[in-house]
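Protein chains in written order, with the numbering used here: chain A, 1 to 350; chain B, 1001 to 1350.
Since the hints were made in silico from the structure, they are not lab data. This one's a predicted model, so the numbers in the text were calculated from it and none came from an experiment. Hints may contain errors.
Pairs of lysine to any residue residues, derived as SDA-like cross-links and limited to a Cα-Cα distance of at most 20 Å, are as follows [what the hints assert, rightly or not]:
id, chain 1, residue 1, chain 2, residue 2
1, A, Lys-318, B, Asp-1062
2, A, Lys-318, B, Ala-1061
3, A, Lys-318, B, His-1060
4, A, Lys-293, A, Gly-258
5, A, Lys-318, B, Asp-1032
6, A, Lys-293, A, Pro-304
7, A, Lys-286, B, Thr-1206
8, B, Lys-1318, A, His-60
9, B, Lys-1318, A, Arg-34
10, B, Lys-1332, B, Ala-1300
11, B, Lys-1318, A, Asp-32
12, A, Lys-286, A, Pro-237
13, B, Lys-1318, A, Asp-62
Okay, the calculated bits of chain A under chain B, using three or more residues with CB under 8 Å as the criterion [to be verified]:
id, region
14, 27-41
15, 53-62
16, 172-180
17, 234-242
18, 252-263
19, 268-277
20, 287-298
Which residues of chain A face chain B? A few of them, derived with a C-beta cut under 10 Å, are [stated by the list, open to error]:
id, residue
21, Glu-203
22, Val-220
23, Gln-247
Every residue gets a Cβ at the ideal spot worked out from N, C-alpha and C, and that includes glycine.
Take a look at the letters that make up each chain.
2 protein chains.
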Amino acid sequence: MVQRRESSSVLVGGVQIGGGALIVVQSMTNTDTRNADDTLAQIRRLAEAGCEIVRVAIPHADAMEGFARVCEQSPLPVVADIHFDYRLAVEAARCGAAKLRINPGNIGDLARVDAVIDAAGEAGIPIRIGVNAGSLAAEYADADLPLADKLAASARSFCGHFESRGFTDIVVSAKASSVGATVDAYRMLAAELPYPLHIGITEAGTSLAGTVKSAVGLGVLLSEGIGDTLRVSLTAPPEEEVAVAWQILAALDLRRRGPELISCPTCGRCEVDLVPIAAEVERRLKASTANVKVAVMGCAVNGPGEAREADVGVAAGKGVGLLFRHGEPVRKVPEAEIVSALFEEIDRLS
Amino acid sequence: MVQRRESSSVLVGGVQIGGGALIVVQSMTNTDTRNADDTLAQIRRLAEAGCEIVRVAIPHADAMEGFARVCEQSPLPVVADIHFDYRLAVEAARCGAAKLRINPGNIGDLARVDAVIDAAGEAGIPIRIGVNAGSLAAEYADADLPLADKLAASARSFCGHFESRGFTDIVVSAKASSVGATVDAYRMLAAELPYPLHIGITEAGTSLAGTVKSAVGLGVLLSEGIGDTLRVSLTAPPEEEVAVAWQILAALDLRRRGPELISCPTCGRCEVDLVPIAAEVERRLKASTANVKVAVMGCAVNGPGEAREADVGVAAGKGVGLLFRHGEPVRKVPEAEIVSALFEEIDRLS
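Okay, chain A solo, but in the shape it has when bound (with noise of 0.2 Å):
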């Protein structure tokens, strides 16, 4: 459905962003990195969540030593975000970083973005121009243009440098907390650059506001096919992005990682007690990752015709549900059975 952008290819460690690959999920861990058990037991429960591309801070070179031994043993590729030090940049290539994120903003001057680039080349790895509207350079932040235009003019003129140093292994972003100006930045850089992107909405917010403004920015952007890797940023354990991520790229059908739920509002209609049915049957099929679609409907209006849809479906009616497998309905049960009868039809199917 969605005609996803053409654009070049990058490879961080394994893992293709661009060029055509499916659009790879990314976290970034809030452990201190100078503890690198600690950030490592979260990229392990990160990538158990469904994380492609993990990112860590290097806040100051005491952390380096944490650093390297994160990237030495991660089971995801590990990507460096630095800011302000450019030395921090250089060291963590050397480190074994499998991506730098550097911001045009706080990097510098150029010869210092230089010394960057000299070290990615060396290590044969690209490089993220990651800008943010909190932290524009000054030519930029004081321009008399719309935030728009200035954080897609300030990755603009970042690229033009790595270009004319013959460096284009370059992934670009262009963040704002405004779901507004974020989209219209990237819709310039989509038009302009060749480069994949990596989008997101900084500072989005706590969880719900966060997965909300997200979505919104982020389904947007997909929808018109820009894109190639995301980063959902939520003030809330970074495995919750992961999840909210995928159901961004869910809801799209880009991407699914396990079961699709389909389940009804409940009404004035229902005559079953559906939320926690519902609930219990969504925990339930957390644990798999069958590529199956499951219907959990409260009545006869819309009930026997999404069951029908689904590969297994319940549509309820007063104390019972009907059961349906591939759009033929199958046996009536009792509430109290609805989910167990459900995960019985599930283990049928495979």
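With chain A held as given, fit chain B onto it using these hints.
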């Protein structure tokens, strides 16, 4: 930023839908409609959460007495949700419904539809033509067309019949559980019909999946100017639907209810325990309807930049927070006092 599509105007009780009005937030009760007290209590909670029009199902004739009392005492305009039995719609119009919602897929032959149209005309209330993928009439369900085309064709044909009877006090919806099909159907209807559109993703699922699906689908439509009223469908308490609806509108700067909270995702640079701080700030801001922008940021990278853009902000350092008011640094407080100091500054704004 968003250019709204033009549409005719419809009045539901005192609430205008379309014709340039602000986008209206709806939800639906899931109490037993026969129990008017329960239903009214839920409607009051929904109103408090920001719901502006409420829909109530009338599954059988024995719910009519409760429905009539709900209409009489509800603080919000009440829409009667009717399926299968046109006589319930006719009766609901006489019992005080502010709008009727019927589904072309299950209301039966046109003589019955005409009885509903006439009853609405006499009562001076509008009708929503609510097409749903799970309950399409057989002539559309079996057609060899993409789902979006079936949804749009069913809605269009029903509108045509209403018009032939001189009734144009219409709101239209065409929902599916597939984001892609729903978006495509609404794009067709937006281009072809003059009526306001009620948008929603049906059977979107449980809290997380349903929130993301609704935010993606409704976000895409709203960003294109499509949608005059929305209902988020979640298999969860309906108050959650209202909260998500408002977050979607806020994300696109279409409408805002209460304060905006910007907060960063935290990372290895963060030297305070930011997640509980942000959660506490969010919890305390919920009580406020002030139009204020608050930033809670974990470090010096984007912290000062975002905190400066906010009315009140905090950028954390090692065990401390630097407070900003309207872009100016105000004072530094220890970590334990960040929340209380932030609210002191917020209180000073008013």
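Outcome of the hint check:
About 15 Å separates the Cα atoms of A:Lys-318 and B:Asp-1062, which keeps this hinted pair within 20 Å; it holds. Annotation: proposed proximity of A:Lys-318 to B:Ala-1061 holds, straight-line Cα distance about 16 Å (limit 20 Å). For the hint pairing A:Lys-318 with B:His-1060, the CA-to-CA distance comes to about 13 Å; that is within 20 Å, so the pair holds. For the hint linking A:Lys-293 to A:Gly-258, the alpha-carbon distance of about 9 Å falls within 20 Å, and the restraint holds.
Restraint check: the Cα-Cα separation between A:Lys-318 and B:Asp-1032 comes to about 13 Å, which is no more than 20 Å; the hinted pair holds. For the hint pairing A:Lys-293 with A:Pro-304, the CA-to-CA distance comes to about 14 Å; that is within 20 Å, so the pair holds. Of the supplied pair hints, the one linking A:Lys-286 and B:Thr-1206 holds, its CA atoms being roughly 13 Å apart against a limit of 20 Å. For the hint linking B:Lys-1318 to A:His-60, the alpha-carbon distance of about 13 Å falls within 20 Å, and the restraint holds.
For the suggested pair B:Lys-1318 and A:Arg-34, the alpha carbons sit about 15 Å apart, so the restraint of at most 20 Å is met. Of the supplied pair hints, the one linking B:Lys-1332 and B:Ala-1300 holds, its CA atoms being roughly 14 Å apart against a limit of 20 Å. Between B:Lys-1318 and A:Asp-32, the direct Cα distance comes to roughly 13 Å. Compliance with the 20 Å bound is thereby established for this hinted pair. Restraint check for A:Lys-286 and A:Pro-237: the C-alpha separation of about 18 Å stays at or below 20 Å, so the hint holds.
Among the hinted pairs, B:Lys-1318 with A:Asp-62 is consistent with the structure: their alpha-carbon atoms are about 15 Å apart, no more than 20 Å. Residues of the region 27-41 of chain A with a Cβ under 8 Å from some Cβ of chain B number 7, which satisfies the need for three, so the listed coverage holds. Here's how the region 53-62 of chain A fares: 5 of its residues keep a CB closer than 8 Å to some CB of chain B, so the rule of at least three is met and the hint holds. Look at the region 172-180 of chain A against chain B: 4 of its residues bring a Cβ nearer than 8 Å to a Cβ of that chain, three or more, so the hint holds.
Coverage of the region 234-242 of chain A by chain B holds [criterion: at least 3 residues with CB-CB distance below 8 Å; count 6]. Under a criterion of three residues with beta carbons nearer than 8 Å to beta carbons of chain B, the stated coverage of the region 252-263 of chain A is upheld, 5 such residues being counted. Beta-carbon proximity to chain B at under 8 Å applies to 5 residues in the region 268-277 of chain A; the threshold of 3 is reached and the given coverage holds. For the region 287-298 of chain A, the stated coverage by chain B holds: 3 residues have a C-beta nearer than 8 Å to a C-beta of that chain, and at least 3 were required.
The restraint placing A:Glu-203 at the interface with chain B holds, with a minimum CB-CB distance near 5 Å, inside the 10 Å limit. Restraint check, A:Val-220 versus chain B: the minimum CB separation of about 5 Å is within 10 Å; hint holds. Hint on A:Gln-247 holds. Least Cβ distance to chain B is approximately 4 Å, under the 10 Å limit.
Comparing the model with each numbered hint stated earlier shows that all of them hold.
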